[in-house]
Amino acid sequence: MGQRRLGVRKAEDAVGEWLLALTFFGYLAAAVLAVAELYASKLAKSVVFGAWVGFSAETLWLGQYLWIHLPGGSVSFLLCLAASVWVAVGFYLTVGRRRGWSMAGAFLFPIGFPVWFFAQVGISHRWGGPFLGAPTWVVINGLAIAASVAFFLLLAVFAIMYTEKERELKQKHVRLFYYQLPALNAMDGWMARMLGIGWPWFTAALLLVAIARQASALARWPDAWHLLGALLVWVIYGVLFCGRFIWHWPGHRAAVGSMLAFLGVLANFFAFDLMGVAHPGFW
Amino acid sequence: MIFSQWGGRVKIQVVGVDYRNAPLAVRERLALGGDLMARAYQSWADIPGQTGVVVLSTCNRTETYFSGDVLLREVQEWWQKLAGLTHAEMLPFLLFRQDGEAVRHLMEVASGIDSMVLGETEILGQVKAAYLAAQQAGRAGNLHRLFQYALRVGKRARSETEIGRNALSFGHVVVELATKVFGTLKDRKALIVGAGETATLVGRHLSAQKMESILVVNRTRERGQRLAAEIGANWAGLDELAPSLRHADVIVSCTSSPTPLITREMVAQALKGRRHPFRFFFDMALPRDIDPEVAHLSQSIFLYDIDDVTAVVEANLNKRQRQIQKVKKMVLDEGRAFMEEMDISRAGSVIQSLREKAESIRQEELDKALHRLPNLSEAERAIVSDTTRLILNKFLNDPMMSIRDWSRDDQKIRYLDAVRELFRLGDDKVEVAPDGGAATSRS
Numbered sequence: 001m002g003q004r005r006l007g008v009r010k011a012e013d014a015v016g017e018w019l020l021a022l023t024f025f026g027y028l029a030a031a032v033l034a035v036a037e038l039y040a041s042k043l044a045k046s047v048v049f050g051a052w053v054g055f056s057a058e059t060l061w062l063g064q065y066l067w068i069h070l071p072g073g074s075v076s077f078l079l080c081l082a083a084s085v086w087v088a089v090g091f092y093l094t095v096g097r098r099r100g101w102s103m104a105g106a107f108l109f110p111i112g113f114p115v116w117f118f119a120q121v122g123i124s125h126r127w128g129g130p131f132l133g134a135p136t137w138v139v140i141n142g143l144a145i146a147a148s149v150a151f152f153l154l155l156a157v158f159a160i161m162y163t164e165k166e167r168e169l170k171q172k173h174v175r176l177f178y179y180q181l182p183a184l185n186a187m188d189g190w191m192a193r194m195l196g197i198g199w200p201w202f203t204a205a206l207l208l209v210a211i212a213r214q215a216s217a218l219a220r221w222p223d224a225w226h227l228l229g230a231l232l233v234w235v236i237y238g239v240l241f242c243g244r245f246i247w248h249w250p251g252h253r254a255a256v257g258s259m260l261a262f263l264g265v266l267a268n269f270f271a272f273d274l275m276g277v278a279h280p281g282f283w
Numbered sequence: 001m002i003f004s005q006w007g008g009r010v011k012i013q014v015v016g017v018d019y020r021n022a023p024l025a026v027r028e029r030l031a032l033g034g035d036l037m038a039r040a041y042q043s044w045a046d047i048p049g050q051t052g053v054v055v056l057s058t059c060n061r062t063e064t065y066f067s068g069d070v071l072l073r074e075v076q077e078w079w080q081k082l083a084g085l086t087h088a089e090m091l092p093f094l095l096f097r098q099d100g101e102a103v104r105h106l107m108e109v110a111s112g113i114d115s116m117v118l119g120e121t122e123i124l125g126q127v128k129a130a131y132l133a134a135q136q137a138g139r140a141g142n143l144h145r146l147f148q149y150a151l152r153v154g155k156r157a158r159s160e161t162e163i164g165r166n167a168l169s170f171g172h173v174v175v176e177l178a179t180k181v182f183g184t185l186k187d188r189k190a191l192i193v194g195a196g197e198t199a200t201l202v203g204r205h206l207s208a209q210k211m212e213s214i215l216v217v218n219r220t221r222e223r224g225q226r227l228a229a230e231i232g233a234n235w236a237g238l239d240e241l242a243p244s245l246r247h248a249d250v251i252v253s254c255t256s257s258p259t260p261l262i263t264r265e266m267v268a269q270a271l272k273g274r275r276h277p278f279r280f281f282f283d284m285a286l287p288r289d290i291d292p293e294v295a296h297l298s299q300s301i302f303l304y305d306i307d308d309v310t311a312v313v314e315a316n317l318n319k320r321q322r323q324i325q326k327v328k329k330m331v332l333d334e335g336r337a338f339m340e341e342m343d344i345s346r347a348g349s350v351i352q353s354l355r356e357k358a359e360s361i362r363q364e365e366l367d368k369a370l371h372r373l374p375n376l377s378e379a380e381r382a383i384v385s386d387t388t389r390l391i392l393n394k395f396l397n398d399p400m401m402s403i404r405d406w407s408r409d410d411q412k413i414r415y416l417d418a419v420r421e422l423f424r425l426g427d428d429k430v431e432v433a434p435d436g437g438a439a440t441s442r443s
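Line order of the protein sequences matches chains W and F. Using our numbering, read the first sequence as starting at 1 and increasing by one per residue. Using our numbering, read the second sequence as starting at 1 and increasing by one per residue.
Because the hints were derived from the structure by calculation, they are not lab data. All clues stand as given, with none of them false.
The calculated label-pair distances, taken between Cβ atoms and stated as ranges, are: (1) W/R253 with F/L132: 50 to 60 angstroms; (2) F/Q321 with W/V139: 52 to 62 angstroms; (3) W/H248 with F/R165: 26 to 36 angstroms; (4) F/D239 with W/A44: 47 to 57 angstroms; (5) F/S159 with W/L176: 17 to 27 angstroms; (6) W/A267 with F/E293: 32 to 42 angstroms; (7) F/G232 with W/F245: 33 to 43 angstroms; (8) F/M400 with W/L176: 54 to 64 angstroms.
With a straight-line Cα cutoff of 30 angstroms, these simulated BS3-like cross-link-like pairs (lysine-lysine) come out: (9) W/K172 with F/K189; (10) W/K42 with F/K319; (11) F/K128 with F/K81; (12) W/K42 with F/K328; (13) F/K319 with W/K170; (14) F/K189 with W/K170; (15) W/K172 with F/K326; (16) F/K128 with F/K328; (17) F/K128 with W/K42; (18) F/K319 with W/K45; (19) W/K42 with F/K326; (20) W/K170 with F/K186; (21) F/K210 with F/K128; (22) F/K210 with W/K170; (23) F/K319 with W/K172; (24) F/K329 with F/K319; (25) W/K172 with F/K210; (26) F/K155 with W/K45; (27) F/K328 with W/K45; (28) F/K186 with W/K172; (29) F/K272 with W/K172; (30) F/K412 with F/K328; (31) F/K155 with W/K42.
Where is the CB? At the ideal position from N, CA and C, for every residue including glycine.
Based on the sequences and whatever the hints tell you, model everything.
Here it is, written out as C-alpha cells:
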C-alpha cells in the first residue's frame, strides 16, 4: 500500500516537473518572441502561442500542486508570487491583447519570467516558510495576494513602457518605442487602472490575513519584520494611489513611483522571506 | 530577374514621363488629364494592333500602359498629336518599359515605392481611378488582370509593410507627434499662433483630426479670421494668447516675431493651479516663438522646434526606406503569380483550340459513320458516339497535361507554338526575340 502511494507520488512529481518545464519554455519563448515582436510584428501569433503554452502548463501545475499540498496547509508565499505571474499573463492574454496592449508582452514576459523562475526555484528548495491557516483561507488569501501582485507587476510594466516612450519623446530622438508603444496618455490611463485594481486587492489581502488568523484561532502573529515589510508595501502603494487619484501626480512621477514600488514588492518576497528571516509566513 | 526572364507571353508596354526623368515644364505639357484623357481614349482606337490601354496621369507622372502588338513610334505620334509637342521635344524625357519590366514598373508605382514621396498612399487610388476610367471608356481590354494584380500589390504593400506609415510632411508629423502623446486628438484643444503658410498647413492637418476646438491667435485680424474660417476654428487677437494657453493641449506657433511670444512665465502662469495634463508645444518659427525653458517646466510638457520635427521626418523616411526590400519582394511574388496566370491562360487557349478541332473532326467522322449505318438503334448510336468521345478524351489527356506543364516552364513555353503549328491551330504565336527571349505576336 505504501509502495503504491510512493509510486503515485513519483508519478505526480514527474508530471509536475514536465509541466514546470513546459511553463519554463512557454514563458521563455514568449519573452524572447515578445521582444522580437517589437521589431517584427508578424511574430505576434508566436508570442501568443508561447504565452498560452506557458499559461496552460502553469494552470495545470498550480492545480496539481494545490491538489497535493493544500490538504496539509503548507503553501509557500513564493507560490503566490509565481501565481501572480500566472494571473498577470492570463490577464494579458484574455484582456490585454484585445485592448491594444500587445506590446506590453515585450516587457511583461522578460520581467515576469525571471520572477516566476526564481519563485519556482524557491518553492522547489522549500525556501521560506509555509503559509499558515485553514485551507479555505489559504486559497482566498493566496488569490488576493497573487491578484494584487499581478496588477502591481502590470503596473510596473506600463510604468517602464511609459518612461521609455517619454524618454524618446523628451530626447527628441525617435526610435523603436516611439513607433511601437501606445500613446503616453493611454499608458498613463492603464497605469491608473492597474493601481486602482491592485491596491484595493492588496488591502483586502492584508485584511483577510487578519481575519483568517482570528478565524482559525492561530496562536502566532507575524514577526515584526514581515509585518513591517507588508505594511511598507501597502503604504508605498497607498501613497501612489493618493498621488494618482487625489493629488493628480504627473505621469512621469507616477511611473517612477510604480517601478520603485514593485521593487519593494520583490524585496519583500525575496529578501524578507528568503534571506534568513526565519518566519513561516509573509507577515 | 524573373521580370527580365519573362520574354513577353503577353505583350505589355508602358510609355511615359515621371518626376525622375522629366522636369515639371515637360510633365505639365504631356499630362493627359481631364478632357484630354477622353480624347486620348477615343483616338487610341486608331492605333493598329492594340488590345487595351490605361492612361495614368498624376502630378508626378503620366504613363500609358498598353497591350498588343503596338509600335512605339505609333504611341509617340499619338501622344504628340494630343500634347502638341514635337518628337525631339518629347523623346529625351520618355520612359519605356516592356513586358516583365512594364509589369514590375506598374506594381512598383501602385505600391508607392516609385513615388516622389516614398510610400505615399494617394497613388494607389490614382492607379485605381485610371483603370476605372479606361474601363468606362471601354479601353482596358487585356490589361484587366494586370491592373487587378497591381492594385492587390498596392494594398498588400500598405497593409503588410510599413511603407505607407509614419508621416513625412511637417503638418502630418505635428499630428503624429501629438497622437503619440494624446492618443486620439478628438477631445483635445489646439491653439495656433500665426496665420501664415506654415500655420495654414498645420491647421489643415489638425482640423482633419476633428479636434474639440481650434483657436487661431494672430496679430492681423483679417488673415487670422481667413485661416480660422478655412479650418473651422475661432480667432482671437494676440492679447488673448496668455489666457488661451491655459486650456490648449496642442500649441503650434509659427509667426515671424523677432522675440519669443510664449515665455516661460506665461506658461508657468497658465499651468498654475492646474493638474499635470500633457501639453505639446510646436515652435515652427524662425527665430523661435517659444522660450526653450518652457520644456523644463514639467515632465508633461513637450516642446519641439523645426529641427526636432525635421529629425522626426527623417527618422520616418528611414523607416519607410527599410521597407522597400519587403515591397520589392512582394512585387516579385505577385509579378510571378501574374505571369503564371498569363501562361496558364495561354495554355488554356491552346488546349481549347486543340479540343475544339479534335471535337469537330470527331463529330464530322461520326456523322459520316452513322450515315453509313442507318439500321443502328438510338441506343447503339449513343454507344458509338460515347466510344468515339472516350477514345478522343483518352488520346488528348496526355497532350493536355504536357501543355499545362510546358506553360509553367520558361524553357518549354515555346513548345505551345509547336503544338499550334503541328495541329494548325491558328494565331497567337510566340516569336523568338534576338536576345533569346520570346515575344508574342499575331500571325
